Amino acid sequence: MTAAFELILCLMILGTACVALLVRDFLAAIAFFVVFGNLMGLAWLALGAVNVALAEIAIGAGVTGVLLILTRGRLLALGEQIDGNPLGHWLNLGAAVVCSAFAVVLGAAVLSIAPDDGLAPVIDRLMPRIGVENPVTGVLLAFRAYDTLLESFVLLGALVAVWSLAPADAWPRAPAALRMTDPAALNVAESFGRLVLPIALVVAAYLVWVGSDRPGGAFQGGTVLAGGFLLAAMGGAMGLPRSDDPAFRWTLVAGPLVFLAIGLAGMALGRFLAYPEGMAKALIVTIEYFLAFSIGVTLALLVAGPPVRAETVP
Amino acid sequence: MSPLDLLVAAPLAFMVAALVLGQGGRWLILAAGPVMLGLSAWLLALPPDAAHLVGNWDLPLGILLRADGVARLLVPATCVCFVAVALYAWPEFSPKAGRETARAHTFWPMLYLMWGGSNAGYLTTDLFNLYVTIEMVSLAAVALAAMGSLAAGLQYFMIALVGSLAYLLGVALLAGHYDTVDATLLAVRARPDLPTVLALAVMTAGLLVKAALFPLHGWLPPAHAAAPAPASALLSAIVVKLGFVIILRLWFEAFAEVVRPAAIHLLGGMGALAVIYGSIQAIRQERLKPLVAYSTVAQLGYLFLAFPLIWNARIPGEPWAAVLVHAVAHMLAKAAMFLAAGLMLKAVAGDRISDLGGLARAMPLSVTAFALAAISLMGLPPSGGFTAKFLLLHAAIEQGQVIYAGVLVIGGLLGAAYLFRPLSVAFGASAAPVVRAEGALRVAAPLTLAALAIALGFAGMTLIELSSIGAPPAIALPLAEEPGP
Amino acid sequence: MSLPAALGHLFPLTGAALVGLGLFGFIILRHPLRQLLAVNVIAAGIFLILGGLGRGEDVTDPYPQALVITGIVVSVALTALGAAMITRLAEDRCAPAPTPEPPGDRDA
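Protein chains in written order, with the working numbering: chain A, 1247 to 1560; chain B, 281 to 765; chain C, 20 to 127.
Don't read these hints as lab results, they were simulated from the structure. Careful: at least some of the hints might be erroneous.
Chain C is faced by these chain A residues, among others (derived, beta-carbon under 8 Å) [said to hold, decoys possible]:
| hint | residue |
| --- | --- |
| 1 | I1259 |
| 2 | S1346 |
| 3 | D1362 |
Restraint-style ranges between C-beta atoms, simulated for each label pair [what the hints assert, rightly or not]:
| hint | chain 1 | residue 1 | chain 2 | residue 2 | range |
| --- | --- | --- | --- | --- | --- |
| 4 | A | L1337 | B | L310 | 53 to 61 Å |
| 5 | A | D1370 | C | C113 | 56 to 64 Å |
| 6 | A | L1337 | B | R469 | 38 to 46 Å |
| 7 | A | R1270 | B | G719 | 52 to 60 Å |
Bear in mind the structure is a predicted one, so any value in this text is a computation, not a measurement. All C-beta atoms in this analysis are idealised placements derived from N, C-alpha and C, irrespective of residue type, glycine included.
Only chain A is shown next, with the shape it has when bound in the complex (with noise of 0.2 Å):
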């Protein structure tokens, strides 16, 4: 039964992928390619990977999919041509040939690993040392808390890139309003941000309070604060800050730095990233929720995009 159902997923995310690939009409790919990220989440549910399932829904299919979507809106409003028909050149046929012998060779490097649960013992062993349950918190925040590091930075790294992209006339001023322009569909946004900013940020600080134990934690988290912001953006309930508002610069660095700095105090008492006995859960919740705020904010004004000139802005 279990094995019926997987088989069907998979042939699924492969069918929604090919979809989302070749379809004509961009809005219909993008919607194609938002099921095949929730298909994948309830591939890592039924691998029992519940932590990347929610990441990968919430992140994958739901933040990707309104870039997707916002990004197709601002072309088309430039003319852009997005839709085509990507199929029908003989050269095509090349590619495909190449393209499945990769797949098949990729393939037979996959079967000849035998899947097993690797290092989950060892990562068992050391969990009771930093106190917390989830298994998947203990390495993206104390065993390999360096990679995580440096990928807040990453994160960090991409606003700022995105934000030099700015006409220079733009600077400071803040992204292309998200608000919707169509009043009864601003009307519908407008209740509804005003209702899912607080309970986003109530699931937020619910998901990472829970993700040191049971699944959740700071990038679901913060995914579900970004949504909420993005919401209430979209109804007007909030406006985009200035890039030189030095608060929300403070906003989007706190993680990142606050991370940095216990990182920089395990130093003092002995190794960079280390947690001191029996403090470890509380400096990893510290991190998690500063984390979970600055990732929110920062999620949601990359979607949001560089700023723009005055007269764009509604």
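Once you've looked at the hints, dock chains B and C against the given chain A.
Chains B and C in isolation, oriented as in the chain A frame:
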């Protein structure tokens, strides 16, 4: 306390500070310069086996940082380049008329992100951690490239993205296969089976795209030629080196037992072709910056041409040192050349080589910096470039590798040909143009870098000794061999 | 939950197929935004290989799970940068700014 962490943590802290400070962010280099130079000196002073686990979490789970010869040579050189470029960029990326601009504000956090990322890349042995550092550096590199030409930046972005994913695919296969992605553990565990070979192949392909080895170099000349001078300097000097360093670690450390001679010669052959192709393209350029950019394509070729020489050497320590010295010398000389070219092109009206007429008398110091950098790039003595090419040529002749030896000689001649042209125009007899005087720092930055590239030529033995520290066993052992009694 | 042995590789194999499919999309698609979508499909495939190979009898290895979460966040950051670049390029193409940069800023 250890410089291994601080060399990464400090630039990240400066990135945060630059982001928060906005207008004042450019002043931070006055603090970052001494701090980072101090940390680099500390790194050089560490005992030879200096290494530690981040957070004390053991392998295979944790992440190991270490100060091997590669890091000891590249971290200080990178630091010098960043300081010089930052001082040069200071007036260019300042607020205009008291107003903060997008570029002036974002340039500085991007610079520190790239700095932290490249240091992290030189110091870590964890292949997944390297993926994150690659993304740190690529992100900043794309933003800097896009400041010159958005179209070239987007092309670079797409190619860098696919390169990163190819690398990540290899990491995924290795993580599934060996339950670790640490290079030092893989060196013991790796077997020459399908997943390992495929992983090595896709990772190398992805990194070669990022290191712009011919014929995967297509994105480099437009992106590097169009960017503002300080950005070009960083892109050509630093960014392409990270991909090279990771390939070096994969081929001679993690998978030294898996690699076969045919593959090594494929890389060496591509390197040789890159030397010839890049040089000929450089000769054909009419504009100065594309010439310097194609010179990067050619010079990167030498780094890979050295692979078979290291592989076959009786004393691999020598070509190993040569390739690292070449990386450092190219870093310094190419950064100097792009910065000097920036000043020269700003002074004259156009961007063509023929516009440079008589410039040597109008701005002698900048043209001197360009000329000194050219000496190192051509491989004329005394210079770091000469030391590197001499050691490579020596190894090639000793091994009877006639083709590689020939390419080394021809590459040097072609290098002289393309670099002599702008210099002969600048030193030509035409009337000296009237140019606006540049700030002392802007003139000093390329001159210092070029002088250092020359000075490397006098430090050959020190560099060889440094490069052998913690070198992979295949390379380090023969050097340690003492003649028996 | 015990699976027939042949199905143990189901998810990693699906991942391998997704990588091939995404690569094909990346090659044949012309618009950069659609290429960006293809890149996301490749990334999803790689993550599935990484996570799927960590599937044990009872639990899935948390180590690749953490790597996948890191990878997902990095990939969304890059996708956002790519989308912003594509939009800005289209803006420049359709209505070039009157003065792209103050003089002196674009030197060299």
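Verification of the hints:
Because the beta carbon of I1259 (chain A) sits about 6 Å from the nearest beta carbon in chain C, less than 8 Å, this interface hint is met. A least Cβ separation of about 6 Å between S1346 (chain A) and chain C falls short of the 8 Å threshold, and the interface hint therefore holds. The interface hint given for D1362 (chain A) is met, as the beta carbon of that residue sits about 5 Å from the closest beta carbon of chain C, less than 8 Å. Checking the proposed 53 to 61 Å range against L1337 (chain A) and L310 (chain B) shows it holds: the Cβ atoms sit about 55 Å from each other.
Checking the proposed 56 to 64 Å range against D1370 (chain A) and C113 (chain C) shows it holds: the Cβ atoms sit about 57 Å from each other. Remark: the range hint 38 to 46 Å for L1337 (chain A) to R469 (chain B) is upheld by a beta-carbon distance near 42 Å. A beta carbon spacing of about 56 Å between R1270 (chain A) and G719 (chain B) agrees with the range 52 to 60 Å that was offered as a hint.
Against the hints set out earlier in the document, no violation occurs for any number.
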